[in-house]
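Colleague: According to mature numbering (1 follows the signal peptide of the UniProt record, and there is no 0), the stretch in the sequence shown is residues -20 to -1, 1 to 255, in order.
The set of hints was computed from the structure by calculation and includes no laboratory data.
Using N, Cα and C, we set each Cβ at its ideal position, and we do this for glycine too.
Straight-line Cα separation of at most 27 angstroms, DSSO-like style, residue types lysine-lysine; simulated pairs: (1) 195 with 138; (2) 15 with 187; (3) 187 with 226; (4) 41 with 86; (5) 251 with 195.
Now the in silico label distances, taken between C-beta atoms and shown as ranges: (6) 39 with 138: 41 to 47 angstroms; (7) 168 with 218: 31 to 37 angstroms; (8) 124 with 54: 20 to 26 angstroms.
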Amino acid sequence: MKNITAFLLSSLLLAGCSQANGVNPPLDNYNPDPKDVIDSHGSIEHLEELDRFIEQFNKQKKAKVRIVQYTIEGDPILTDLDYDREIIHYQHDTTRDQYGSGSITKKTCQNITKTETNTETYYNLNCSGTQEEIIYIEHDTSSQDRFEFNLKYGVGKKNEINTKDQQLVKNLQNGEMVTVSDFQFSEEELNRIYKAMIFANYLSEKKLSDSCKQKPYESYELTVWINGGERHFEWTECDQSPDGQKMSAMKDQILEILKQNEAYRALPASKGNYE
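Work out the full structure, taking the sequences as your base and the hints as a guide.
Modeller: Below you can see the structure in the form of structure tokens.
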């Protein structure tokens, strides 16, 4: 109780000091819409909504999207894009940012683009010759102190990619297992895998199911070590929830990258339909 009381008193004192110094608290606690694109310190949610906006723009169809970017203090900055089939109406709202300018900026823009490299993805608006950066995503593993993962997959999770122990295991479906003990991805392959994880928003909490009534069925277990953190997920092919579908799509991307790896291509082919 003493700790709780002290915490509450400290919070009140901090709030009082902020107001005394002319810094206002956030106007409200913004509740994001399920279709808002959320950008929160490396965690990206609903990025497909921005891709859908660009697709509609390219087809000259009306479209709207809101991007919510959170400051370090947790304050939301809102960016609204509204395409009316002629121009993109841009509005940037920092009124909920207690340390920002507290202003609303409006512009008209003629174009929106998505640019992807092996290490970066960014979305830009062209507004009368000037560029407005909407979202920037870095997926460069060399800029991380640590990026390793262990993916177990297939019926019985007998296949495994373990970059931590540099081990690759393949189930040949005939009772035989093949193991590569010095397996490595190239830096380019790791960047593509890291990008797939970021776009699946692997840093967020997931509602996944590891149950499945059909037999046989594929199940998956993924552990990611990023810098000093660790994330762990388990699900099956029966999980058709939004999170399950997104994680399965990410898993498919990783396996496609694996199948292009020279060490994997040198392994014997499987004798069955499941890996």
